[in-house]
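For the record, the sequence lines run as chains A and B. Quick note on this note's numbering: the first sequence kicks off at 190 and runs consecutively. Quick note on this note's numbering: the second sequence kicks off at 190 and runs consecutively.
Derived by calculation from the structure, the hints in this document are not laboratory data. Virtual Cβ for every residue (Gly too), placed ideally from N, Cα, C. Mixed in with the good hints there might be a few duds.
To be clear about the criterion: a stretch of chain B counts as covered by chain A if any three or more of its residues have a C-beta under 8 Å from a C-beta of chain A, and this derived list gives those stretches [unchecked claim]:
# : stretch
1 : 206–213
2 : 216–226
3 : 234–243
4 : 340–352
DSS-like, lysine-lysine: derived pairs with alpha carbons at most 30 Å apart [unchecked claim]:
#  : chain 1 : residue 1 : chain 2 : residue 2
5  : A       : LYS192    : B       : LYS247
6  : B       : LYS247    : A       : LYS247
7  : B       : LYS247    : A       : LYS268
8  : B       : LYS248    : A       : LYS248
9  : B       : LYS268    : A       : LYS247
10 : B       : LYS397    : A       : LYS247
11 : B       : LYS268    : A       : LYS397
12 : B       : LYS397    : B       : LYS310
13 : A       : LYS248    : B       : LYS247
Residues per chain, in single letters:
Number of protein chains: 2
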Amino acid sequence: MPKIGVILSGCGVFDGSEIHEAVAVLHAIDRHGAQAVCLAPEMELNEINHLSQQPTGKKRSVLMESARIARGDVTPLAKVNGADFDAIVLPGGFGAAKNLCDFASKGADCTAQEQVARVLKEAQKAGKPLGFACISPAVAARVFGKDLGPNLTIGDDKATADGLEAMGATHQNCEGDGIVVDNRHRIVSTPAYMYDQRITSVFTGIGKMVDKVMEMARQPAAV
Amino acid sequence: MPKIGVILSGCGVFDGSEIHEAVAVLHAIDRHGAQAVCLAPEMELNEINHLSQQPTGKKRSVLMESARIARGDVTPLAKVNGADFDAIVLPGGFGAAKNLCDFASKGADCTAQEQVARVLKEAQKAGKPLGFACISPAVAARVFGKDLGPNLTIGDDKATADGLEAMGATHQNCEGDGIVVDNRHRIVSTPAYMYDQRITSVFTGIGKMVDKVMEMARQPAAV
Numbered sequence: 190m191p192k193i194g195v196i197l198s199g200c201g202v203f204d205g206s207e208i209h210e211a212v213a214v215l216h217a218i219d220r221h222g223a224q225a226v227c228l229a230p231e232m233e234l235n236e237i238n239h240l241s242q243q244p245t246g247k248k249r250s251v252l253m254e255s256a257r258i259a260r261g262d263v264t265p266l267a268k269v270n271g272a273d274f275d276a277i278v279l280p281g282g283f284g285a286a287k288n289l290c291d292f293a294s295k296g297a298d299c300t301a302q303e304q305v306a307r308v309l310k311e312a313q314k315a316g317k318p319l320g321f322a323c324i325s326p327a328v329a330a331r332v333f334g335k336d337l338g339p340n341l342t343i344g345d346d347k348a349t350a351d352g353l354e355a356m357g358a359t360h361q362n363c364e365g366d367g368i369v370v371d372n373r374h375r376i377v378s379t380p381a382y383m384y385d386q387r388i389t390s391v392f393t394g395i396g397k398m399v400d401k402v403m404e405m406a407r408q409p410a411a412v
Numbered sequence: 190m191p192k193i194g195v196i197l198s199g200c201g202v203f204d205g206s207e208i209h210e211a212v213a214v215l216h217a218i219d220r221h222g223a224q225a226v227c228l229a230p231e232m233e234l235n236e237i238n239h240l241s242q243q244p245t246g247k248k249r250s251v252l253m254e255s256a257r258i259a260r261g262d263v264t265p266l267a268k269v270n271g272a273d274f275d276a277i278v279l280p281g282g283f284g285a286a287k288n289l290c291d292f293a294s295k296g297a298d299c300t301a302q303e304q305v306a307r308v309l310k311e312a313q314k315a316g317k318p319l320g321f322a323c324i325s326p327a328v329a330a331r332v333f334g335k336d337l338g339p340n341l342t343i344g345d346d347k348a349t350a351d352g353l354e355a356m357g358a359t360h361q362n363c364e365g366d367g368i369v370v371d372n373r374h375r376i377v378s379t380p381a382y383m384y385d386q387r388i389t390s391v392f393t394g395i396g397k398m399v400d401k402v403m404e405m406a407r408q409p410a411a412v
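One chain only, chain A, in its complex shape:
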């Protein structure tokens, strides 16, 4: 049974993983008869009140909040090697741009969280496909932009796309339920809630992204 790492960043669109996207990823992986292994970095996040969308000034644990989406079963990123998975997928949500990297505040000057960068590089070097939804291609641009210059999409928001290109990625506009496939680097991305779209469209786009990632995972790269 293929084992797919899913890197979460908390639980809730404004300070963690976007919940609908994360569940769409888990659903699509299970649909392929593969095992989703939920992963998260051990770090704090800045809590956002999801009613007012304002910071509360309090902190929460990214790992502990991610466990809510994972029904308790989440592994610290520090304990895994990216090469041990058949693929790795990142849902979006502001947590991807605030916790997995700090693109939300620093744009193209952002830094990727250390364990996230390590695990993604290990997987990529081992030829494993990678999938990114919503704003999480910013993490891919930071980690792989200079070395690989991957093709990615975050939809059609010019300022965000410019940020990804400034980090060395090539941005390709994409409709809400579509995907952009970088066959050379085995990286697939989909805009998801980068558009204000219906949950069924988000599921369609993420479903296509996971389908492509699973297809690549079944055809190992010559590394």
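Model the placement of chain B on the given structure of chain A, informed by the hints.
Chain B in isolation, oriented as in the chain A frame:
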């Protein structure tokens, strides 16, 4: 566009709404071209660390945490009338048995949260169909058991089923991705994560439940 109330109880299986179930409900409603209106009571929940599954001793707001699943858009139950919706659906999670009622600690002696009971009764009296997943049929048994004696399922757990029957409901065993339909009272239920089953099965069962609820919503009852 039909308007379906979705009553949430927080965000996370051990102290709130089960996240996969809640998203499956929202996805199924959108698939029918209907509008999901997320609702939650204004009350506190006892926070559970989802890694250790132990209480932290801290409180969180049910409404504020439910807003995470609702992407910020959640309405306090106190502000709505159940009769104004075309149907009402409750996902499960311990929040349904700890916050929407206290079945988790009191069993058949439980009390339903006041606003939850009012909104469900208003909808039922107006002939609107009601859908329940996982442990949330315990809320239906408490609110309607004595007056209506509805047919419900929580899967096949005897102790839980006995609790529902002690409140006046009739329990019917049901497979994981199946539904139990009470046509007379327009109440549909599905076991979801009452079984340790795959997320795709949970989506299948909840999809069938919402399909039936939507079918009933399109054929108004003679009230």
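- Coverage of the stretch 340–352 of chain B by chain A (three or more Cβ within 8 Å): n = 0 at 8 Å, threshold three: violated.
- Message: LYS268 (chain B) and LYS397 (chain A) were given as a pair; does the straight-line alpha-carbon distance stay at or below 30 Å?
- Response: Violated, because 39 Å separates the two Cα atoms, which is more than 30 Å.
- Query: Given the hinted pair LYS192 (chain A) and LYS247 (chain B), is their alpha-carbon gap at most 30 Å?
  - Reply: violated (35 Å)
- Message: Run the distance test for LYS247 (chain B) versus LYS268 (chain A): straight-line Cα separation, threshold 30 Å.
- Response: Given pair LYS247 (chain B), LYS268 (chain A) holds - Cα atoms ~29 Å apart, limit 30 Å.
- Does the alpha-carbon distance linking LYS248 (chain A) and LYS247 (chain B) stay inside the 30 Å limit? holds (14 Å)
- Within 30 Å, alpha carbon to alpha carbon, are LYS248 (chain B) and LYS248 (chain A)? holds (14 Å)
- Given the proposed pairing of LYS397 (chain B) with LYS310 (chain B), does the C-alpha separation stay at or below 30 Å? holds (23 Å)
- Task: Would you mind confirming whether the straight-line C-alpha gap from LYS268 (chain B) to LYS247 (chain A) stays at or under 30 Å?
- Result: holds (29 Å)
- Task: Starting from LYS397 (chain B), check that the Cα of LYS247 (chain A) is at most 30 Å away, please.
- Result: This hinted pair is violated, its Cα atoms lying about 40 Å apart.
- Message: Tell me whether the statement that chain A covers the stretch 216–226 of chain B is true, taking a Cβ distance below 8 Å and needing three residues at minimum.
- Response: holds (count 3)
- Task: Given that the stretch 234–243 of chain B was listed as covered by chain A, double-check it with a C-beta distance under 8 Å for 3 or more residues.
- Result: holds (count 4)
- Three or more residues of the stretch 206–213 of chain B near chain A by CB distance under 8 Å? holds (count 5)
Going through the hint list in order, the structure does not satisfy hints 4, 5, 10 and 11.
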